[in-house]
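Trainee: Residue numbers (numbering that gives the first Met the number 0), protein chains in the order written: chain A, 0 to 308; chain B, 0 to 501.
I should point out that these hints are in silico values taken from the structure, not numbers from a laboratory. Some hints here could point you the wrong way.
[As the list claims (entries may be wrong)] Computed list of lysine-lysine pairs in DSS-like fashion (alpha-carbon distance at most 25 Å, straight line):
| no. | chain 1 | residue 1 | chain 2 | residue 2 |
| --- | --- | --- | --- | --- |
| 1 | B | K265 | A | K180 |
| 2 | B | K74 | A | K167 |
| 3 | B | K248 | B | K322 |
| 4 | B | K265 | B | K198 |
| 5 | A | K165 | B | K135 |
[What the hints assert, rightly or not] Have a look at the derived ranges for each label pair, beta carbon to beta carbon:
| no. | chain 1 | residue 1 | chain 2 | residue 2 | range |
| --- | --- | --- | --- | --- | --- |
| 6 | B | R68 | A | L132 | 36 to 44 Å |
| 7 | B | G108 | A | D1 | 31 to 39 Å |
| 8 | B | R68 | A | A87 | 42 to 50 Å |
[Unchecked claim] Stretch by stretch, here's where chain A covers chain B in the computed footprint (C-beta under 8 Å, at least three residues):
| no. | stretch |
| --- | --- |
| 9 | 107 to 117 |
| 10 | 184 to 196 |
Beta carbons are placed, not taken as given, at the ideal position from N, Cα and C, and that holds for glycine.
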Amino acid sequence: MDWTFVSNLILAGVRMATPLIFLALAELYSQRSGLVHIGLEGLASIGSLAGFLVSLVTGSPLLGMAAGAAVGILVNMIYAYATITLCAEQIVYGMAINIFAPALAAFIYRVYFGAGSELVQVALMETVAIPGLKDIPFLGPLLFDQTPMVYLAYALVIFTAIYFNKTKSGLNFKAVGEHPKAAATLGINVIGVRYAASVICGALAGMGGAYLTTCYTTTYVDGNVAGRGFIALAAVIFGRWSAGGVLLACLFFGFCDALQIRLQVGSFGVPYQFFQMIPYLATVVVLGIIGMRKAGPKASGKPYRREER
Amino acid sequence: MEEILRMEHITKRFGDMYANRDINLDVRKGEVHTLLGENGAGKSTLMNVLIGLYQPTEGKIYLNGQEVRIDSPAKAVQLGIGMVHQHFMLVEAMTVFENIILGDRQTKGVFIQKEQRRREILALAEKYGLDVQLDKLITEISVGEQQRVEILKALYRGAELLILDEPTAALTDLEVEGLFAIIGKLTGEGKSVVFISHKMREVLRISDRITILRTGETVCTVDRENASAGELASLMMGRELAPSHYEKKEDTQRQVVVLEHVDYNKAAKHSGLSDVSLTIGAGEILGIAGVDGNGQSQLAQLITGVITPDAGRVDLKDSKVAKFMPQAFIEEGVSHIPEDRNKMGLVGDMSVKENILLKSTAQPRFSRFGGMFLKKKAMKDYALEMQEKYDIRCASIEQEARSLSGGNQQKIILARELEARPDILIAVHPTRGLDIGATRFIHDTMIEARESGCAVLLISADFDEILEMSDRIIVMFEGQVMGEYSGKNPPIEEISLAMAGK
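This is chain B alone, in the form it adopts within the complex (with noise of 0.2 Å):
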């Protein structure tokens, strides 16, 4: 097959960091060509490089056989390749016909042809079977729908490489099967995909190549052919990930939270909770299995104190909760995992050691008086010390929080809750959008919390994550408790019929 796009020994420094050393990659006509790599790996990086966002530090681009220079997006339009990003560039005021149309340079003439450009649009849609409404807000479409408009713009400018970075991560399971319909005809039609991802399943399912990076190098190119999910894996983490099997546990000795016919907007299915009783003992995780939009977030609110129930009694660690307030909670020994890290869980913009030391600048150890003056020197290496050993990746502690990878990110919020020595942990989908290797470090921290006699509350939308971790599950579904099942060896067909409300 002939080649398209061949990336030579390119190399991307920021600061003091390698994002990208020596990474070579070719692409083929009418592949489907994955990235395959952990958070961090440096595949967004690489493909920014592609797209003339970022400039190389070094290496050379080869584009049908001739070296080319891209230094500007503008210039990544013109020799045809377009980037569906995974944090999607779309203008939300504008509408999704706008949104294809701007920027437009093929087209002459001073004012919107709205007629023309719409029949040039749905055709194309058309060819490729990309259902949009072209005159909705970006705001009122699905995501699903949104993901259409940007592979829409980028065909529209003529790509002939597609690069797709995450595009699964935000979708449905049905949506996902849209998507790799969409691919399929794409590259019928001959033209390249760049697909980035680390789901194993998807990456064996749609790649025709698969390259391999870890930490800023290539690691190898293989055929899907000789590929296997566990070899992959390895590849991809740099060592064999042994299965993993936690102890589960059966007896807890102490209750340390409790909740009795707790009712929260009751009317409310799928964002209140009705008539909810459960415990969580020390050392134990109870896991919270349902269907997104059950109540659990609620229920993940009202035991960090964000919310005061309707009716209903709380207890914590043997005393009735008066007050619904974060900073009771907070005294009480109450660590909070949220469920969306960039909006609740870190201010972005504040630097990682910042965010470490978020709710423990008031202690001694860290400033003098309660708080008015800090001890500079006492954060920078408590900070230190805690990117160590939560080995999170980042340039420097200084560096902006929003800049890391979500992996990273997360090993923030761990360090910062984790090292409160809680009694109580609430973790809201912990792993969500993490790769192998940072889901693991998690899963392995929320033991050793419970070793340590913690009581875990764990919510999450993963089936999976919940039967691994649980040592007892409770299903909820339009904010209910539909039962409670314990950890070892679950029924989980039981469950499951649960989970749908039977």
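The following block holds chain A by itself, in its conformation from the complex (with noise of 0.2 Å):
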């Protein structure tokens, strides 16, 4: 194993970890104001749709990305306004958006590229470089010479960890999904939370799935989310529903998924598919190990209804 090998697999594995940050961290504040979302796989396709399409005809992938988090935002309040007003099955909608989301952006390629049409490609966005960081020797150039989504990802980490841990906001936010009738009789407003929450995880997902046209690949295929939302979801599990902990897990995701794409370059004989069953793989086994030993927010998947008796 030479330096190059490491050096890529890193440089690779903080790449891959961007999306599924996104994505973990929408799940994150989804699941502590009570809503469990599997719907970000869904959230993401129609984000990664938006992010191309945008970036694509306006030429600038931040719009993109803006894009996606719009798109995001108004998808999921779909979901947010049955889960919440209309108390329905958080695991039924999340399901459906996960059908009906991917569906509708491969329909809208469709209509606006035309059937059969040529691989359209889009410019990803630069990298930008952070001057000083840039020079630490080894990591330097790894980490500090990224796409502005890359630092924006571990700023919504460190805003996330500290927001859940040190603000009024955000204990009360906590306090939502852990037991949402004591919230409301200290005056939380239980449903704007979660309303908040919804518009916050749309966004979230919807820049998760933007980024991977705006900044990983130049192009837009269907199914190009693979899988990421549900591991994610892993991820929040994983990284025991703290910010920390979500960035860990997906680091570690993000570096499986690295480590697989190498693996196929590198040996010949062993089908490809073996590889790719990497990171899927190290979800499975990771649920397995950590198990439900601490389960999360206590009210995470019931509906709020004020006056249940």
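Join these two chains into a complex; the hints should help.
Mentor: Now the structure itself:
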């Protein structure tokens, strides 16, 4: 194992962890408010198409990211209205988003470009080196010469950690996911917090999807989210519902993903599908080990009805 | 004395059911005002209206002479109304400190100013003698301390009127004394307390005035000086309650349950059985007296087939039990009123009807092909019949069981377990947390079961209940049988000593 292999691995790992971080933070906010959201995959799909189209039309990947966020919020409002206001089953609506949103994305793509057209490509977001930090030997070029979205993802992790641990608003937010009725008796607006969480969740999930088409690959193909929404779900459990834990979990899964690509390239004779399984296998193994040792927010998955007896 | 709260003509309807109907209540500054009523009389509903959790269908609320509309709990907090719910509203995954400052709007700033807040809370705690450990998680502290946290939480938000919903239900006697001392300090500082309870002794001790509710309506308000326990009870029940004396039986013919030298998890003194031998005869009630947690739970689980003994012999109806499985015991005619009705007795999310029929769906009466196809009509008719027979008060038999009051939940279990015409009935704390009326009903039903030849094992931490009901009394201590006494003229002194292990 030589030096370039390792540095390439870290570089790719960080890049691949980034969309997972967006998605996992989306899930974290959602679950902390008591909404288990299994529809991230769908939100990311539609986000990735929105990002692709907007950055193609405007030529600005940054606007593409913004469009991803906006569309993510919009689609997630369907989920929010159904689960928060109508008290519908969260898993069912999450699944509905997973079926609906990718299909919508595929449909729009076909309508826009026509069936059977050639692959359209967009320019990716430029990397921005952070002066000073990028000169740190070894790690500098790996961690501090990335696209702004990578920095944003890490900034969001730090922000989230501070928000949930140090602020009054964050404490109230957590209480809604743990014991909504108690929160309500203290004058916390449970419904409001859950909608706010859904806006944050939609935006972050949309950005996670848009990252794939504005910073990662130059083109959109159906199914490009490739299970990341579910891996992010696992990352939240693995990360024990804390921002720091989620970051570590995402990096772990990101490196697994990077590793499988390197191994595919590097070895002959073994079907590449075996290596492709690595990130998913890692998810299963990790969840198996970590299991149900500590449950997440107590009221997660349960609707809140105001006048329930 | 100055009036702080007046509620006028409050009506609250859930669907077709009136939980409150035309209720009037006024509370004065610095008084302890008790709301007295049976389970389901509408006490908690009225208070939930007051704190903005429910919206009244009709009626007006005045606070310090001003009419107010309390449309959310936030509004109630702002108006200085605090409530300690019967089931505490504490976030278990958070610390005491976090629970107290939760939802705080009085202080400015985004971040939690830990040191400053702590000082304020500790000062407040000191003033009212509320001893709490701020850095412990809620799961790590006792029930009594959780209650103090709840009181502190309300005071921290500037509550002038504090509602305590059945505050003594989960407390030990010592903790109750502590609570009363705190209430004394609160009223001494000019705060008002609404005390909700159905325990007569406590009510007479702590209240200044008492308002009695019955089936969702106000009966009257009386001063403590002019009240007596008997009078209050009859006002609460709406009828005179004759003192009960069940006839005791001394001769039992056939031994239905025989335990010989049974051991289970012997090393654990508080959750094991050690060399237990006893018999229960047909048509008698055997009472197990003892302080909670001396092996009673294990005894009940053993005779219902939930656990398997490590050693010894258990005979049911003259044949030795080979397999300890609940299903086998049910087939032998064992019915079980479990100690925790919410955890073991009922499926809270299922309807009253479904809970009543839980054990009998396989009968040809209710289904074809041994449970394959349910006969919905027959099930519904049967459930309605049971609702009538056991006086289960609910809006509909399709209502979720969890939404009923404790007494009515217990009646569902009773309907299910006794209609199976059991030969053996294991009743564990059957009246815990229930009011006088429901308790009496359940006792009567158990006596009826005895009269029809059922062997009844009654396990209760309530010594009075044991004395009243049992034909024979066995005392358990640290998993062992300490002694056996006749239920007729039992030697109370001796039994008390045995319960303490002497």
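Trainee: Would you mind marking each hint as holding or not holding in the structure?
Mentor: To see whether the hints hold, each was checked on the structure:
A C-alpha spacing of about 42 Å is found between B/K265 and A/K180, which places the hinted pair above 25 Å, so the restraint is violated. Between B/K74 and A/K167 the alpha-carbon distance is near 19 Å, which keeps this suggested pair within the 25 Å criterion. The suggested pairing of B/K248 with B/K322 is violated, with an alpha-carbon distance near 32 Å, which exceeds 25 Å. Distance check on the hinted pair: B/K265 and B/K198 sit about 37 Å apart at the alpha-carbon level, beyond 25 Å; violated.
Taking the CA atoms of A/K165 and B/K135, the gap is about 18 Å. The hint holds against a cut of 25 Å. Our hint of 36 to 44 Å for B/R68 and A/L132 is violated, since their Cβ atoms are close to 57 Å apart. For B/G108 and A/D1, the hinted distance range of 31 to 39 Å is not satisfied, since their beta carbons lie about 53 Å from each other. A hinted range of 42 to 50 Å for the beta carbons of B/R68 and A/A87 is inconsistent with their spacing of about 31 Å.
For the stretch 107 to 117 of chain B, the stated coverage by chain A is satisfied: 4 residues place a CB nearer than 8 Å to a CB of that chain, which reaches the threshold of 3. Counting residues of the stretch 184 to 196 of chain B whose CB falls under 8 Å from any CB of chain A gives 0; the rule of at least 3 is not met.
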